[in-house]
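Number of protein chains: 2
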Amino acid sequence: MQTSDDYRVPGFLANGIHTGIKTEGGPDLALIYTVRPATVAGVFTTNSFKAAPVLIDQERIRSGIAHAVIANSGIANAATGPEGIADALVVSKAASAALGIPDQTVLVASTGVIGPRLPLQKISAGMKKLVAGLHSGGIPDAEAGIMTTDRFPKIACRKGIIGRKEITLCGIAKGAGMIQPNMATMLAFIMTDAAIARDALDLIFKRSIACSFNAVTVDGCMSTNDTALILANGLADNPEVKRGSRDLGRFGELLSDLLSELARALVRDGEGATKMIEITVTEAKTRRDAQRIAYAVANSNLVKTAFFGEDPNWGRIISAAGSLDIDLPVDRVRLFMEDIPLFAEGKGTNAPKDGLAEIMKRPEIRVRLGLGLGRQSWTVYASDLSFDYVKINARYHT
Amino acid sequence: MQTSDDYRVPGFLANGIHTGIKTEGGPDLALIYTVRPATVAGVFTTNSFKAAPVLIDQERIRSGIAHAVIANSGIANAATGPEGIADALVVSKAASAALGIPDQTVLVASTGVIGPRLPLQKISAGMKKLVAGLHSGGIPDAEAGIMTTDRFPKIACRKGIIGRKEITLCGIAKGAGMIQPNMATMLAFIMTDAAIARDALDLIFKRSIACSFNAVTVDGCMSTNDTALILANGLADNPEVKRGSRDLGRFGELLSDLLSELARALVRDGEGATKMIEITVTEAKTRRDAQRIAYAVANSNLVKTAFFGEDPNWGRIISAAGSLDIDLPVDRVRLFMEDIPLFAEGKGTNAPKDGLAEIMKRPEIRVRLGLGLGRQSWTVYASDLSFDYVKINARYHT
Chain G
601 MQTSDDYRVP GFLANGIHTG IKTEGGPDLA LIYTVRPATV AGVFTTNSFK
651 AAPVLIDQER IRSGIAHAVI ANSGIANAAT GPEGIADALV VSKAASAALG
701 IPDQTVLVAS TGVIGPRLPL QKISAGMKKL VAGLHSGGIP DAEAGIMTTD
751 RFPKIACRKG IIGRKEITLC GIAKGAGMIQ PNMATMLAFI MTDAAIARDA
801 LDLIFKRSIA CSFNAVTVDG CMSTNDTALI LANGLADNPE VKRGSRDLGR
851 FGELLSDLLS ELARALVRDG EGATKMIEIT VTEAKTRRDA QRIAYAVANS
901 NLVKTAFFGE DPNWGRIISA AGSLDIDLPV DRVRLFMEDI PLFAEGKGTN
951 APKDGLAEIM KRPEIRVRLG LGLGRQSWTV YASDLSFDYV KINARYHT
Chain Y
601 MQTSDDYRVP GFLANGIHTG IKTEGGPDLA LIYTVRPATV AGVFTTNSFK
651 AAPVLIDQER IRSGIAHAVI ANSGIANAAT GPEGIADALV VSKAASAALG
701 IPDQTVLVAS TGVIGPRLPL QKISAGMKKL VAGLHSGGIP DAEAGIMTTD
751 RFPKIACRKG IIGRKEITLC GIAKGAGMIQ PNMATMLAFI MTDAAIARDA
801 LDLIFKRSIA CSFNAVTVDG CMSTNDTALI LANGLADNPE VKRGSRDLGR
851 FGELLSDLLS ELARALVRDG EGATKMIEIT VTEAKTRRDA QRIAYAVANS
901 NLVKTAFFGE DPNWGRIISA AGSLDIDLPV DRVRLFMEDI PLFAEGKGTN
951 APKDGLAEIM KRPEIRVRLG LGLGRQSWTV YASDLSFDYV KINARYHT
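Protein chains in written order, with my numbering: chain G, 601 to 998; chain Y, 601 to 998.
Next comes chain G alone, as it looks inside the complex:
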């Protein structure tokens, strides 16, 4: 496994431009195109109020084939009714016409403010330029086109060998607010030149997302637009990766690793985040219990503000952990900050304050909570809660 800063995947072209959807400037329309139709899998928000592009993609993805992804930032095209669906179809049509591909093979995505309609004229007017500018080094441009309040781009690549052929995976993501399962990110698009069967791709994508995007949280909010897509165009010419094969395991490792990098980048760039907290709950009776407790800690505003204030306030952590309907054996629970025990045998351990103060200053901090109940565990990556989170979200006006 190799990481790579050369953000290229054979057969994939991409671009991102400014069309005016974002009135303040900056790229706001992104296109990903594969020269050969790709096998596709997707995971979408489970929110009742799914945005128009999500509804369209859920339908189109059934064919298992995609040729392009057109995505905009600035406006979410969510809560826009039948008109929003029609608008998304117009955008798709503009892209498929400019590319000369079947409209059904175009997937659409949007992120931004909920409510307003898309400015179709601006988007259509920019489409020719967007398509004309497609290039094999365009993945960072596409990333720029989907960013909203993100402070830095999230791009990751992996290379590996499958069936003696080198395969490449590259992914882009945007997030910042509303980072929570089930779907960690607003938008994530993964491109690979691996040849892989559709059912295998579907399985491994969902599985990899469960332990990456679905294990991060910024503010516990789930958006109307969350969309993760993976396109595999097969240009690596490897023997097709099939379900149950060893190759699928290897592909899954590369993919999980890539998605985890993107997911952690989403937390690090959580709105106003100053720290990333890795919360591991061990010795739970069920994995579901471990998840619920990890998220209860991760989403506690009192815990988040304590980390922002660099205070090792373990009381808030155990209080959050104990607040669910899961009965915890107080005497057996143990809490560690990095490797320093903070709570055991029903009380605080009087851990050395100096060591803790040093740990709390770090940008990444590990918390481990042993429940003493069973063998299941779960890890969640969370951001802290800062003045800037409030500033960004109070100032972001509709």
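If you are wondering where the hints come from, they were derived from the structure by calculation, not from laboratory data.
Being a predicted model, the structure only gives us computed values, none of them experimental.
Where a beta carbon is used, it is the ideal one built from N, C-alpha and C, also for glycine.
Among these hints, one or two may not hold up.
Unchecked claim - So the derived label-pair ranges between C-beta atoms look like this:
#1 Y:Arg-798 with G:Asp-931: 49 to 57 Å
#2 Y:Asp-931 with G:Pro-740: 20 to 28 Å
#3 G:Gly-681 with Y:Asp-939: 20 to 28 Å
#4 Y:Lys-961 with G:Gly-972: 45 to 53 Å
#5 Y:Asp-939 with G:Thr-886: 44 to 52 Å
#6 G:Asp-931 with Y:Lys-961: 25 to 33 Å
#7 Y:Arg-764 with G:Asp-931: 47 to 55 Å
#8 G:Lys-806 with Y:Asp-931: 42 to 50 Å
#9 G:Asp-954 with Y:Gly-625: 25 to 33 Å
Claimed, not checked - Chain G regions said to be covered by chain Y (calculated; three or more residues, Cβ under 8 Å):
#10 678-691
#11 901-911
#12 917-930
#13 940-946
Claimed, not checked - Footprint (simulated), chain G over chain Y, 3 or more residues, beta carbon under 8 Å:
#14 677-690
#15 935-941
#16 957-966
Chain G is fixed; fit chain Y onto it per the hints.
Just chain Y, lined up with the frame of chain G:
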């Protein structure tokens, strides 16, 4: 029913003094005493990590009789193990000895930082002064003694007639952070001179709390110390209120009204709160669904920051409502801010911006979400999320 600013209940004496538990000064020890032993009922946190005083009260309250409540602020005596239990018993003993009453009839409560042990010497040293200063006008002093980050005291009184006798209820509460069911407040003590049977008191107290303290939220956190107690000393000489009687209904009205006033005061004084948002979910299939959705909206940091920023961001409200595993009929859901419809038929209504801007400036704002699914409803009172919430909770150091 009358409200009253004369915070006295026949037969109840109270006091609050500074003993040094709070190093920064201010009252930190409170005592409530009834000249005649009272019938008592209590509701406690369901957190797994219950503080020592909670464990003691849960045991003692089984007798149905209480004579005094001794409570401190500054240190929660939570996560203190067997030593914490012993400490709370020392405090109780000091109070019962000074008052000359059976130790088992003293209830204890603490609020403050989780972890540290109580400074027993300071508390014992102050006990004589605390008892000597007991007076019938001392309820506000007791309130002062239990406040932590509260910006203003929460005291409410009601008078009513039961069996031709005037009865009085007075309650004090402290809250600020960690306001969420099941228990809205850290501490609440209600005093009444009504004569009421123990089972009737227990029933009506739990029922009244369900629609008052358990319908408010500041940050979705539940503490280790939440304790609500009601003491009824019978000095009003009314015919004893019994289960199933009309008088219990009248008593319940007075009590619910009193608790609601205290609960709303807790939200208004939520840490850093600038607004109170009343969120009503109607037309749910079950009351539980209505509750869960109301709390999902009330606890969404994106919704809370939007209110702080005075932005009528209805997209965040419906997104939060739709994020649970409750399938909502997008076309039938309607959202109102006060009486202005914001979302209907699957999309925004283009409500007039001027009217909304005026509403968003108000200190109290009503939001109503009709689901179009059934007949159940629930209302939650929530605070917004401000810079000051972060400041208070990031600066509050252990």
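Against the structure, the hints come out as follows:
no.	hint	verdict
1	Y:Arg-798 with G:Asp-931: 49 to 57 Å	violated (33 Å)
2	Y:Asp-931 with G:Pro-740: 20 to 28 Å	violated (40 Å)
3	G:Gly-681 with Y:Asp-939: 20 to 28 Å	holds (22 Å)
4	Y:Lys-961 with G:Gly-972: 45 to 53 Å	holds (51 Å)
5	Y:Asp-939 with G:Thr-886: 44 to 52 Å	holds (46 Å)
6	G:Asp-931 with Y:Lys-961: 25 to 33 Å	violated (51 Å)
7	Y:Arg-764 with G:Asp-931: 47 to 55 Å	holds (54 Å)
8	G:Lys-806 with Y:Asp-931: 42 to 50 Å	violated (29 Å)
9	G:Asp-954 with Y:Gly-625: 25 to 33 Å	holds (28 Å)
10	678-691	holds (count 7)
11	901-911	holds (count 7)
12	917-930	holds (count 11)
13	940-946	holds (count 3)
14	677-690	holds (count 7)
15	935-941	violated (count 0)
16	957-966	violated (count 0)
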